[in-house]
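One line per chain: the protein sequences are U and S, in this order.
No gaps in the numbering here: position 187 of the first sequence is 186 in numbering that gives the first Met the number 0, and each next residue is one more.
No gaps in the numbering here: position 1 of the second sequence is 0 in numbering that gives the first Met the number 0, and each next residue is one more.
FYI, nobody ran anything at the bench for these hints, they're computed from the structure.
The reader is advised that the hints may include incorrect statements.
Identical copies go unnamed one by one, so any copy, or any two together, can satisfy a pair.
What the hints assert, rightly or not - Capping the alpha-carbon separation at 27 Å, the derived lysine-lysine pairs in DSSO-like fashion look like this:
#1 Lys23 with Lys172
#2 Lys108 with Lys139
#3 Lys23 with Lys41
#4 Lys30 with Lys130
Here is what each chain is made of, one letter per residue.
Number of protein chains: 2
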Amino acid sequence: MARYDTDVQIIPTSVERLITELEKLPGIGPKSASRLAFYLIKTDNQDVDALGNSLLELKQGIQHCRTCFNFSESETCAICASASRDDHQICVVEDPLDIVAIERAGTFKGRYHVLHGAIAPIEGVGPEQLKVAELIERLKDVDGKAGITEVIIATNPNLEGEATALYIQKLIKPLVPKVTRLASGLPMGGDVEYADELTLSRALEGRQEF
Amino acid sequence: MARYDTDVQIIPTSVERLITELEKLPGIGPKSASRLAFYLIKTDNQDVDALGNSLLELKQGIQHCRTCFNFSESETCAICASASRDDHQICVVEDPLDIVAIERAGTFKGRYHVLHGAIAPIEGVGPEQLKVAELIERLKDVDGKAGITEVIIATNPNLEGEATALYIQKLIKPLVPKVTRLASGLPMGGDVEYADELTLSRALEGRQEF
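Modelling step: build the complete structure from the supplied sequences, incorporating the hints.
Encoded structure:
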């Protein structure tokens, strides 16, 4: 159990256990985990307990929204339930966190659909593992009633995201008047000088008239 | 309570609470906190519970070793209790985590003394807030019996650490035959070209004959 090759247990067991658990998190290596654990020992009991309890209670009452598959506290998520959102547009994202980012931008006022991943054959993720069938069902279902006029595919601009976008676009084209993709190009505040070739090519391809 | 300026609660309350708690940790900003929280939702219940419980149990049974003030599960920490360590050397460190780092190096076989900080007048930390009196007591106390021959001051090579080292060195010089300081210089695997001026000056000052 001892973390280092010494004759003695230099880290108390409870601390070592916390370090082991923290190391499992993405972006947290052994050194960050140790630093966090030793920081937490010195922190108020109250704060440590609050963090611990919020972890234990994290999944209580979280479910997928039955319409868009976003994380939700009820059967229908707040965005799907909201009367003030535009029913004509659906934005398709890979993850619930993408919704948070898009909401932060604040310009999109339609509904969402969460795929819960992207097509990645190497990792064994095909369309069946994603909420693709559910998207099609949704488009078919509401087509006549709500009149969805546009599906915006907002998967990540990487290999998996692009493949997923292409795949979905083909499937849903017959079902909806307009299928669009988020623009690729230079990030705002960025620098032409530092842009990679692919981004620059995309920015050129997607250039727009003044 | 809603994290973003929208008309709806886009993040479930339990997730939002976890994000708020995670943001309090050092080195974890709002974006990392969100990413971690959404990662944890997708993680096995078992792993999340293990992390939560290890936090809640973290401080149970952790105390300061009454000799060296390292974190310990018993009155005397494992290093102080070990019979195989050299009683003649005491290494003075700022934090328990420094002991972990030095133990990892594996070359020091003596005992430790944890100050629990460094002198930082601006933050209101003086020698009284540190375990300095306890160090002197320890040196006085064991002087005749155990025969401590060297105190190695291993405070951080920054303003506070240097000030602390100087302060302690003056105090303990009459009590112990030899007081030393960790060498400052180029880090191994580093590059002379990229070394900052201060480090390079120290490396020159501390140069050693072959």
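Tested hints:
| no. | hint | verdict |
| --- | --- | --- |
| 1 | Lys23 with Lys172 | neither (41 Å within a copy, 46 Å between copies) |
| 2 | Lys108 with Lys139 | within (21 Å within a copy, 73 Å between copies) |
| 3 | Lys23 with Lys41 | both (22 Å within a copy, 13 Å between copies) |
| 4 | Lys30 with Lys130 | between (38 Å within a copy, 25 Å between copies) |
When the structure is compared with the earlier hints, a violation turns up for hint 1 alone.
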